[in-house]
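Student: Protein chains in written order, with our numbering: chain C, -1 to 307; chain E, -1 to 307; chain V, -1 to 307; chain S, -1 to 307.
There may be inaccurate statements among the hints.
Each pair may be met inside one copy or between any two copies, as identical chains are not told apart.
With a straight-line cut-off of 27 Å between C-alpha atoms, the simulated DSS-like cross-links for lysine-lysine are [to be verified]:
1. K125 / K137
2. K125 / K8
3. K125 / K60
Just so you know, the hints here were simulated from the structure itself, not pulled from any lab data. These numbers come from a predicted model, not from an experiment.
Number of protein chains: 4
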Amino acid sequence: MHDFERLADKVRNWGRWGERDQRGTLNLIGPEALLRGTQAVSAGKAFSLGLDFGSDGPQLNKSRFNPLLFVTDLFTPLNPARPNAMYSDDVITMPLQCATQWDALGHVHYNGRLYGGVEADAALSTKGTSHCGVEHLAKPGIVSRGILIDVARLYNVRRLPADHVISVEDLRRACDMAGIAPQPGDIACIRTGHISHFTVDADRAAFNGLQPGVGIAVAEWLYERQISAVASDNVAVETLNPEMLASDLPLPFHMLALREMGMPLGEMWNFEELAEDCAADGRYSFLLCAPPLAITHAFGSPVNPIALK
Amino acid sequence: MHDFERLADKVRNWGRWGERDQRGTLNLIGPEALLRGTQAVSAGKAFSLGLDFGSDGPQLNKSRFNPLLFVTDLFTPLNPARPNAMYSDDVITMPLQCATQWDALGHVHYNGRLYGGVEADAALSTKGTSHCGVEHLAKPGIVSRGILIDVARLYNVRRLPADHVISVEDLRRACDMAGIAPQPGDIACIRTGHISHFTVDADRAAFNGLQPGVGIAVAEWLYERQISAVASDNVAVETLNPEMLASDLPLPFHMLALREMGMPLGEMWNFEELAEDCAADGRYSFLLCAPPLAITHAFGSPVNPIALK
Amino acid sequence: MHDFERLADKVRNWGRWGERDQRGTLNLIGPEALLRGTQAVSAGKAFSLGLDFGSDGPQLNKSRFNPLLFVTDLFTPLNPARPNAMYSDDVITMPLQCATQWDALGHVHYNGRLYGGVEADAALSTKGTSHCGVEHLAKPGIVSRGILIDVARLYNVRRLPADHVISVEDLRRACDMAGIAPQPGDIACIRTGHISHFTVDADRAAFNGLQPGVGIAVAEWLYERQISAVASDNVAVETLNPEMLASDLPLPFHMLALREMGMPLGEMWNFEELAEDCAADGRYSFLLCAPPLAITHAFGSPVNPIALK
Amino acid sequence: MHDFERLADKVRNWGRWGERDQRGTLNLIGPEALLRGTQAVSAGKAFSLGLDFGSDGPQLNKSRFNPLLFVTDLFTPLNPARPNAMYSDDVITMPLQCATQWDALGHVHYNGRLYGGVEADAALSTKGTSHCGVEHLAKPGIVSRGILIDVARLYNVRRLPADHVISVEDLRRACDMAGIAPQPGDIACIRTGHISHFTVDADRAAFNGLQPGVGIAVAEWLYERQISAVASDNVAVETLNPEMLASDLPLPFHMLALREMGMPLGEMWNFEELAEDCAADGRYSFLLCAPPLAITHAFGSPVNPIALK
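Start from the sequences and build out the full structure, keeping to the hints where you can.
Tutor: Below, the structure written as structure tokens:
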């Protein structure tokens, strides 16, 4: 715990952008970061980093379930008197965290307080969160230069083993490998390769089980470099292992990021195609546009992140 | 009808990008268009063009309803033995067409055929559409140079009257006013100002009622300029008036765009803030990143479009 | 408050049927009560006392909404190779309290405790209630002799005015008028006529607004007569008026019934047809079978109550 | 097929109760049948024949899923100014056929026609069925004398093997064993014991797989005895075996019952407790009250059937 408390105190951004701030480290994205992002676009190629949203999704249907699509109009005439022209409409029921997503800052808390020191009791209810809901991340969106930190490629593996805890040293070496120096406002995309358990092997149990990811020291590294957001291709960004899950403070990196730093977390992003391209042309930075939906008071949002190179 | 049929034959792109194409005019977006978009970014400012998704949304709750947010976990301990650290989760139930959206190509059809000539009977079911579902627009996303065609400002009004049918001449003059020449791959953002009935006046009846929008001749103009997609700040992009709705072919522009051209339609976008900025700095082009979610077989997707200048 | 506290102490059944009881006054229904019910059946006529569940329901779609029906299979071949034989399936999304319903004992509480003295904090969560969920009322169901206490007919009106507070004297006189003496285990059906605001006038605002219903003294009357459950044709069984709603303890009758007595409340039942029949043949008792669904941990259940005479 | 066509012609009730009839064999329930039911009640005992509706339900979550319960209000103060008195509310999303249910007459069809000869194309849509929706079975409900035809007990097994096709001879012998003579209007409850795969063994795969049930000849037996409805403790009432499922007309008993006879089918009922009681006291008839909810235009309804002895 000593380590966690030291880190928490170090990275806590409460009040840094005002008492009522609800955008956290997105405040670090200014014109320079955006322009750095557009300048990284040279080939004019776009990559979607999002999974599909459908019944074949990654959820095991135990607690969270995969999206349910309901067709509410099918072959419905636009003019009942003229059945020739028709439209179809649909409704979706889905957990906001069922596939590629952003976690809102209000998604987790400990010691009864959310990001900014706001009391969870005052903010959270069955209507969502009145403080730090995802709608605050949606305007003006999440766009900046993105950098791919490909830890799997650093280790020359298709995917890191389940017990690999990504260290600050891993990040440093992967940035060196990529020839990138993180800049203020950057969005860090950390690749573990773990997603292929789902996308290639269709092994949902493995995908949702113990897995590689960042350790808590990474929070300090992100803080020091003024990273604005971090996303990974696993379920929780941070590693999931038995000791951590049974500890006094499970998901400590979630707490450091969302609760202390006010840093949104992207989960279940798919970097496979992008990573191939970066390895091929040696360019590991890009414009990243990953806008959450402005779902009022929600704890997260599905997203289809786009990388432009 | 003579006019419609002539236009339909003119703009029909069936087979243009292969027999099995499901991306329609998004095929017109190549590296040049993307780079033209990034080059339009000079100030490093981002604008969200999306409405909120919540119970205060624009739907009248008659056929389509506003999103329902269900909180499925609230103050849930991450480790049941240690109630200190907690998370919250949610589920959404929403019509995919309830607020800012993209219509997928499969959303409408007439004469029993969808875009590409595919038989509606073969593609459409209560599971969605097996042809031209929105997932095909999600990869690699919808990104290009965007141009704001501000017809309201052209007429020096806050918003066009309900019976204003936007003509090709309106578009030409608005582009001249903006100093933009549409380029292949561009995404046309046509502003009517109509959205302020909802966003400012909270008048959902007016917002969903008869309204200004494009006339069918605009389809030809978009086709000739190789526009890749079109979005507007009204409910249907095209004008809604009694004669059209009671005709043999209601929503004819929908048919020309989605069914003939394969051109995705963006609806209920909010250009108010962007339009102020464009009028202020005289720059009416930007990078537009508007990725739909890859919802398998769906007829549309919610979207939070981002404009970068 | 003095009155309420006196009544609360008087009618509190905590521990009466054991420490872990979750069925409350349904425990008062024994073989005699059931047989008394079947003996009341002489003509062999059945009456449904339930409203329809559909988009035309009584909800105003403000907080609670009317049911949403989604057809998930339509013309689906039972054998894909033989499209001749087909089936259709559906899914419903509905508030459990949207129309004719039973409130479960866990539906309300005050001073942090539910029926039986169980701490609300320990029982209630986003997964429902682990104490006194409606599933405990579903087995072996809610069946007994029912008695119609027609207060509207007593006053010779189609429906009581909104400010009518049903008194013990009203119940006594209505029972006399009906020639019934309440017996232990009986289910009391109290008619106000209020439902016709919805069923006849389609006036949802009036139906959901201020309304006639029982006053708190009725709780004592029900307790003394060992009534097993009470249902009414209004929204809350008890009267809804401005003073009560703005008081320290709104819905006091709910508290006395559900929390103190453990008495299930039936709401939005429709007695109009039954009441005509009772007035015509002078028989105001019947077998009442009103089984809630055993929805695990739920706060209530829709019901289609059946009266047999 | 020859056999099926002969049976279909034999049992077809189209027009028997008028051109526009939507209640089918429920029309066979008159006062005598109801009174016969109440007269079967001697001990004053009630049995619920319904399964629970919750996440532990019998569905495998492949096509149909188990109910999703969403708590929309939790510790919500009735008067925001006085947080002492609180309520909780919930919403359910569930397939109407996910557990103990009635199939509506409109649930299946073949040769393009539903019960009564109504064209499926004219009746069925994504809004449900405008002909023979379950709401027509809900008023005045489904109540009559019920008879338990315990085929499992006849064979002295806990449950019939998966390939057992219940014959007319089985029914005759089981009625003899029970000492019951079926009467017009009776509801036949046919016990296979199959449900214990789920309720005892939690083996959902076995419960939903190949299973014992009635053969098509039973339709004629039910027709001749003027049975008003039939329910069983398996998934489909009829047997499910590979040949039938791969045939030209899968679920032929469904077609004979729902489409030809207009006989509602009850599925996934639980007779275990009732069957023990009937074996103990030798009384196999009872009052059966099994009211579907009046869900407008729906293809079925959940139900909690109650048997009174």
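Student: Run every hint past the structure and note whether it holds.
Tutor: How the hints compare with the structure:
1. K125 / K137: Result: close within a single copy only, 21 Å intra versus 32 Å inter.
2. K125 / K8: Neither way: K125 and K8 sit 33 Å apart in one copy and 37 Å across, limit 27 Å.
3. K125 / K60: both (23 Å within a copy, 14 Å between copies)
Of the hints listed earlier, the one the structure fails to meet is number 2.
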